[in-house]
Amino acid sequence: MNILLIFLGKFITKFSRSLNLGHGSTWPGHIALNSNKNFIKDILKNSKIKIILIAGTNGKTTTSKLLQSILEEDQKKVILNESGANLLNGIASALILNTNIFGKIKKDFAIFETDENTLPQVLKELTPDVLVLLNLFRDQLDRYGEVNTIASKWKLAIDKLPKKTTLILNANDPTIVYLGKEKKTLYFGLNEKSNLTHAQDWADSVFCPRCNSKLEFEKIYFSHIGIWQCQGCGLKTPDIDLKETYSPLLGTYNKLNTLAAVLAAKTLGVNLALINKALKNFNPAFGRQEEVKIDGKKIKIYLSKNPTGFNESLRTVSSGKSILLVLNDRIPDGTDVSWIWDVDFENSIKNFNSIVVSGDRTYDLALRLRYASSKKIEVEKDLQKAIKKALKNTSEKQTLYILPTYSAMLETRKILTGKKIL
Amino acid sequence: MKLTIGWLYPQLMSTYGDKGNIIVLKKRCEWRGIEVEVLNLDVDSPIENLKKCDLLFMGGAQDRQQKIVSTDLKKKSKILRSMIENNVPGLYICGAYQFLGKYYKEANETVIKGLGIFDLYTQNPGENVKRLIGNVAIESDFGTLIGFENHGGRTYLGKNINPLGKVLKGFGNNGKDKTEGAIYKNSFGSYFHGPILPKNPKLADYLIKLALEKKYDKKINLSPINNSIEQRAREVIAKRMGVAI
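Respectively, the protein sequence lines represent chains L and C.
For what it's worth, our numbering labels the leading residue of the first sequence as 1, then goes sequentially.
For what it's worth, our numbering labels the leading residue of the second sequence as 423, then goes sequentially.
Source of the hints: derived by calculation from the structure; they are not laboratory data.
Cβ coordinates follow ideal geometry from the N, Cα and C atoms, glycine included.
It is possible that part of the hints are untrue.
Not the full set, but computed from the structure, chain L residues with beta-carbon under 10 Å of chain C [said to hold, decoys possible]:
(1) Lys243
(2) Glu244
(3) Tyr246
(4) Gly296
(5) Lys297
(6) Trp341
(7) Ser348
(8) Lys381
(9) Asp382
Simulated crosslink set (BS3-like; lysine-lysine; CA at most 27 Å straight-line) [to be verified]:
(10) C:Lys637 / C:Lys661
(11) L:Lys381 / C:Lys524
(12) L:Lys181 / C:Lys497
(13) C:Lys474 / L:Lys214
(14) C:Lys489 / L:Lys375
(15) C:Lys527 / L:Lys153
(16) C:Lys607 / L:Lys214
(17) L:Lys219 / L:Lys236
(18) C:Lys524 / C:Lys607
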């Protein structure tokens, strides 16, 4: 039965790819799971493959890609689910593509980035060797619900995990740290100097996840990520196992992603020399600080899909002079655009000389910026025209920074490269 | 002229871009030369600060945070009640709106007592019943109001309170009776996120006018502001919903 599903899955993938239909990364898994709901369990039953799950609001794709590069540098064969295909069907599809017709997986590692809502379901289907939890920020409340709801569902699922699983947790995020109590856990995190002195006023987790008392922050890197301690029950930033690394990407948040990937790689037995070699040669995932060149002008795309992501993107590109912001409100972006009012445009937008806004919700974004600064902005609903305008405002030596939401990022890439990704 | 705006629990009751409402109130005053002070009324803030306010705002929150707030709010409920009864204008969104009602009944029949200032109650049918999520438009005294709603609780109004408007598209208070929000004296409750004020500048200006008229005890005419971007942003959503504005 499963052999048939694998065969069918491979056929569908090939078929949809050759016709450029897209969705090849979820269909096969979708069909397999519909026919056999234990499909993932069955396939993995007799396999020695080691599984790494990566979850969190921001940084899943980048961390997965970093870890993949490191493991491949170590001559290991790695399976990855495609970015965005991070529900059960995406994981099943990745397995189908990498299983031979005898139902055997000939790979060493599987890295699966996992959607926040799906993580508890995935943990029912498979037991990871390593579970990396990056962070929890407010994101697409219409789809994910509230941060605390997700955290309590994660806690229930994680408490049931067997001893085999090593947890790799962000020591700087209180909600994440609380999940690691009484488990085999390693912590990555920052403990360097910080410029911020207090949590941003919309920060999600400034209250203790255990006793609800207010948290005291000694250092804050962004949002609620920092060195913290609870005034009530004493829960605090744990001893950090890894806090220094070379980071191939810009931004504090990417340093955390890199720390997570490196700590996972170390846990899986890769030596430091190989890790550093892989990091030096790293190419970013699409849309994550990806660089494109058009007419001699450099364009960098920074996927920015929630307040924390947007703030950190704006901070990282603040040396740039020309930006294009693109806001869509389709299902993958979240249909509620209220979050743009939680982005700290007041302090960042003044650093730019040319600002163009576009996307399905162009005017919402324009309205937000009107209230943030008296700076002139250009409003262009048509994305292709908006990119042209923004490029015109960018001189040869400058870089144009594009900050799009998820579906806007795919559209932007499609326009820039002429290629369809999903 | 000067207004003191009180933001109740900015750290705890601030989800879904609630901060946008404060930004809009402040800027629309400043653009007209009205001085503004925003007082952050967090847990343990002195009651004197609350008393100083000419206009109040409180937003929604996650369940865990609402529990922390409810303990602190009990200490301030007497003052808050007398301010609302005395026509101090205010805007209360989602969780805050529910708080002002008589009670909030969870799916397991647990009843959480509210402040009982608004004649309404809220029932949450539980996780197995769909939340009311999506773009929403209502007809009101301030024209068509446009926003986004996302709530599990269903609110039912009593006899002594009026709705903010009639639902044109979306769910409103409970998805059944076509009412949305509530008006009691100069206080407004609503489920509208979006946030509510940026795309509904008439309502924002009305709150400012009410606050100034009460404080200075005279008729106030606010100078007009160009709302063309607001209008474009409203049109995009209204068109999608098939609502005239």
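Each hint tested on the structure:
1. Lys243: 28 Å, violated
2. Glu244: Constraint on Glu244 (chain L) not satisfied, violated at 32 Å.
3. Tyr246: 36 Å, violated
4. Gly296: This interface hint is violated because 34 Å lies over the 10 Å limit.
5. Lys297: 29 Å, violated
6. Trp341: Because about 3 Å separates Trp341 (chain L) from the closest Cβ in chain C, which is inside the 10 Å limit, the hint holds.
7. Ser348: Violated, about 15 Å.
8. Lys381: Where the cut-off is 10 Å and the nearest Cβ of chain C is about 9 Å from Lys381 (chain L), the hint holds.
9. Asp382: For Asp382 (chain L), the interface hint is violated, since the closest Cβ of chain C sits about 14 Å away, which is over 10 Å.
10. C:Lys637 / C:Lys661: Cα-Cα ~39 Å, so violated.
11. L:Lys381 / C:Lys524: With a Cα-Cα distance of about 45 Å, the restraint between Lys381 (chain L) and Lys524 (chain C) is violated, given a limit of 27 Å.
12. L:Lys181 / C:Lys497: 35 Å, violated
13. C:Lys474 / L:Lys214: 26 Å, holds
14. C:Lys489 / L:Lys375: 41 Å, violated
15. C:Lys527 / L:Lys153: 22 Å, holds
16. C:Lys607 / L:Lys214: 35 Å, violated
17. L:Lys219 / L:Lys236: 12 Å, holds
18. C:Lys524 / C:Lys607: Distance of about 17 Å is within 27 Å: holds.
Comparing the model with each earlier hint shows violations of hints 1, 2, 3, 4, 5, 7, 9, 10, 11, 12, 14 and 16; every other hint is respected.
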